[in-house]
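> Next come the chains, spelled out residue by residue.
There are 2 protein chains.
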Amino acid sequence: MSSQPIRIGIIGTGIFAHRHNRAYQAVGNEKFQLVACANRSKDKAVAFAKEVGIDDSAVYTNPMDLINDPNVDAVDVLLPVQFNREIIEAAVAANKHIMFEKPIAANLKDAREIVLLSQKAKTVVAVNENWSYHPLVCAVAEFVNQGGIGEIINFTYDSARPYSPNSPYHATKWRQNPEHPGGYLSDGCVHDMAHLVPILGKFASVAAFATKRHAIHVCEDTLATTIKLENGGVGVANFTFSTAGVKKMSLVVHGTKGTIELTDDTDVKLFNELGESVDIAPITSLKANAPGNGLADVEGELAAFYDAVRSGKKLGVSSEEAFHHLAFIVAALKSVETEQAVKLEQV
Amino acid sequence: MSSQPIRIGIIGTGIFAHRHNRAYQAVGNEKFQLVACANRSKDKAVAFAKEVGIDDSAVYTNPMDLINDPNVDAVDVLLPVQFNREIIEAAVAANKHIMFEKPIAANLKDAREIVLLSQKAKTVVAVNENWSYHPLVCAVAEFVNQGGIGEIINFTYDSARPYSPNSPYHATKWRQNPEHPGGYLSDGCVHDMAHLVPILGKFASVAAFATKRHAIHVCEDTLATTIKLENGGVGVANFTFSTAGVKKMSLVVHGTKGTIELTDDTDVKLFNELGESVDIAPITSLKANAPGNGLADVEGELAAFYDAVRSGKKLGVSSEEAFHHLAFIVAALKSVETEQAVKLEQV
Numbered sequence: 008m009s010s011q012p013i014r015i016g017i018i019g020t021g022i023f024a025h026r027h028n029r030a031y032q033a034v035g036n037e038k039f040q041l042v043a044c045a046n047r048s049k050d051k052a053v054a055f056a057k058e059v060g061i062d063d064s065a066v067y068t069n070p071m072d073l074i075n076d077p078n079v080d081a082v083d084v085l086l087p088v089q090f091n092r093e094i095i096e097a098a099v100a101a102n103k104h105i106m107f108e109k110p111i112a113a114n115l116k117d118a119r120e121i122v123l124l125s126q127k128a129k130t131v132v133a134v135n136e137n138w139s140y141h142p143l144v145c146a147v148a149e150f151v152n153q154g155g156i157g158e159i160i161n162f163t164y165d166s167a168r169p170y171s172p173n174s175p176y177h178a179t180k181w182r183q184n185p186e187h188p189g190g191y192l193s194d195g196c197v198h199d200m201a202h203l204v205p206i207l208g209k210f211a212s213v214a215a216f217a218t219k220r221h222a223i224h225v226c227e228d229t230l231a232t233t234i235k236l237e238n239g240g241v242g243v244a245n246f247t248f249s250t251a252g253v254k255k256m257s258l259v260v261h262g263t264k265g266t267i268e269l270t271d272d273t274d275v276k277l278f279n280e281l282g283e284s285v286d287i288a289p290i291t292s293l294k295a296n297a298p299g300n301g302l303a304d305v306e307g308e309l310a311a312f313y314d315a316v317r318s319g320k321k322l323g324v325s326s327e328e329a330f331h332h333l334a335f336i337v338a339a340l341k342s343v344e345t346e347q348a349v350k351l352e353q354v
Numbered sequence: 008m009s010s011q012p013i014r015i016g017i018i019g020t021g022i023f024a025h026r027h028n029r030a031y032q033a034v035g036n037e038k039f040q041l042v043a044c045a046n047r048s049k050d051k052a053v054a055f056a057k058e059v060g061i062d063d064s065a066v067y068t069n070p071m072d073l074i075n076d077p078n079v080d081a082v083d084v085l086l087p088v089q090f091n092r093e094i095i096e097a098a099v100a101a102n103k104h105i106m107f108e109k110p111i112a113a114n115l116k117d118a119r120e121i122v123l124l125s126q127k128a129k130t131v132v133a134v135n136e137n138w139s140y141h142p143l144v145c146a147v148a149e150f151v152n153q154g155g156i157g158e159i160i161n162f163t164y165d166s167a168r169p170y171s172p173n174s175p176y177h178a179t180k181w182r183q184n185p186e187h188p189g190g191y192l193s194d195g196c197v198h199d200m201a202h203l204v205p206i207l208g209k210f211a212s213v214a215a216f217a218t219k220r221h222a223i224h225v226c227e228d229t230l231a232t233t234i235k236l237e238n239g240g241v242g243v244a245n246f247t248f249s250t251a252g253v254k255k256m257s258l259v260v261h262g263t264k265g266t267i268e269l270t271d272d273t274d275v276k277l278f279n280e281l282g283e284s285v286d287i288a289p290i291t292s293l294k295a296n297a298p299g300n301g302l303a304d305v306e307g308e309l310a311a312f313y314d315a316v317r318s319g320k321k322l323g324v325s326s327e328e329a330f331h332h333l334a335f336i337v338a339a340l341k342s343v344e345t346e347q348a349v350k351l352e353q354v
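Protein sequences, first through last, are from chains U and C. Numbers given in our numbering equal positions in the first sequence, counted from 1, plus 7. Numbers given in our numbering equal positions in the second sequence, counted from 1, plus 7.
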């Protein structure tokens, strides 16, 4: 097994390419080396290449040229998600590892094709879902899956992010005219799904209402859902991108043997059968098992990608799971429209 | 205006009659005097009368005889709610004040008749909803109604109560074979509605899932709902009577100008436009306006009943509001059955 750095080609040199560059640095030069980049606008690609030290000869305007660069081991796709499928097909065909941004695709048809492709691929096909790499969240998931609070009866989730008219994300054209369903909602809520599904298990069906409070948002910016889990539990999840200033995620899960509370991805509280607060050491000790070598967020996902490529380890999130995340948003938006409960589509 | 004690006749001398007796004592002998009681079982009525000091001559087996006792000013009805309508009609006809237990009735048809009756009655017709008399909850409601957090965008509510097989309530026949819809759910959730509606405003429609985890419960014991408010906001509310041991109510309301968090009926937190925690004095100062003379729970509702009878003050909850509370449960249960969003019925 090679211990050489994975030679990365970045496709799409926008806002998030800089974030990825910092994360590659943090994970370490012995694991990753940025060797190529591509952007429709040559100027932007050249500027990025200069900043991060990519050779001029490996700056492309056509992503297919980057994929076919023999120096590139793995492709890091940072394009609007409607382009994911085409690029993944090309990368797998060229025998390159690939990672790409969440949501997995702009629609469930493409998402389904990507899942099938990832199952057949000889290379690693990884959706970049940074929320799957919070060690404490992974530890809570493992604890609950081991029966730490008994059977899940129900749960309450509140995910609130502030409305910020000055966010650079508002300015991006693909966000102003999104091809993926729900705009901000799918963009943001798949993160929440990555937070929830490992802990709660898969979702069976959803009923939802939505509202919109800020004209700058192209779609509804607040989604309130009630959910039936595949394991029989029922619960609620609330997603708003419209608070005045509060930013918070709070998950409470009631089980037959206890209750667990997770706030953001940093704080956890555990209550026993008598409702008493008890020591969380049995949970935090599981953090060591989380993918990403103890790193969280984008750093964790890149570290896990390295382990998947070099050692065949499992990623923190599979493309099947990423399909499920998108299937939830699609079902919730359909429920808003039809005012009926909607079953989630399966791969 | 008389300042004499209101002379009370209690109909139904079960578990809650003792609770009411203690509350009457707490509010004070100068306001209330227990002068009569009625129970189908003469023995139970006599035992209760002895315990609380009611004269033997005012112990009845027929509630109509108690209503027509000229010594009785007000009737306190502690019967299974399917009897509310008949007793209220008789009391109003006899020109007696009356209070009766929540939910307002066993079905919306009776509930509607009770509302119409209460609007025409010359006497006070009061639903006993003790959760409408928590001074801090009333203060939060007033603060939010005054625009303290701007327009309501959305809310998350988690109401969790433990499963307790030894609860005396499980043994009561009318709970084992309830004539009101949803058994525990309507019994319990109308309390939650009394907590929520003053703060959030009326509910327009609901979509819900339910599950049942304990065979002792005759109906589903966990209800997860998503809600559209009449004011345009959307949110979620979770109700379970099935936790291992945790007992908690948590309400978070996100508005355009801030966020408010209310835990149980005792703790409140306020966040401003920047998401910073701020002083809650503007809220707690409103506690003085709450009905019930500063008393909470059953004591508060009895104190408010006194003020309504003697001074014409408004009660903490009207029969129209109590109708709305029941209409929510009825709509939620219909949504569970039909898997469609359901609009709440209006009086």
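Among the clues, some could well be false.
As the list makes no split between identical chains, a pair holds if one copy fits it or if it spans any two.
Unchecked claim - Heads up, simulated DMTMM-like pairs for lysine to aspartate or glutamate below, C-alpha to C-alpha not over 20 Å straight-line: (1) Lys294 with Glu149; (2) Lys255 with Asp274; (3) Lys51 with Glu327; (4) Lys129 with Asp304; (5) Lys127 with Glu96; (6) Lys219 with Glu280; (7) Lys254 with Asp286; (8) Lys254 with Glu158.
Don't read these hints as lab results, they were simulated from the structure.
> So which of the earlier hints does this model not fit?
3, 4
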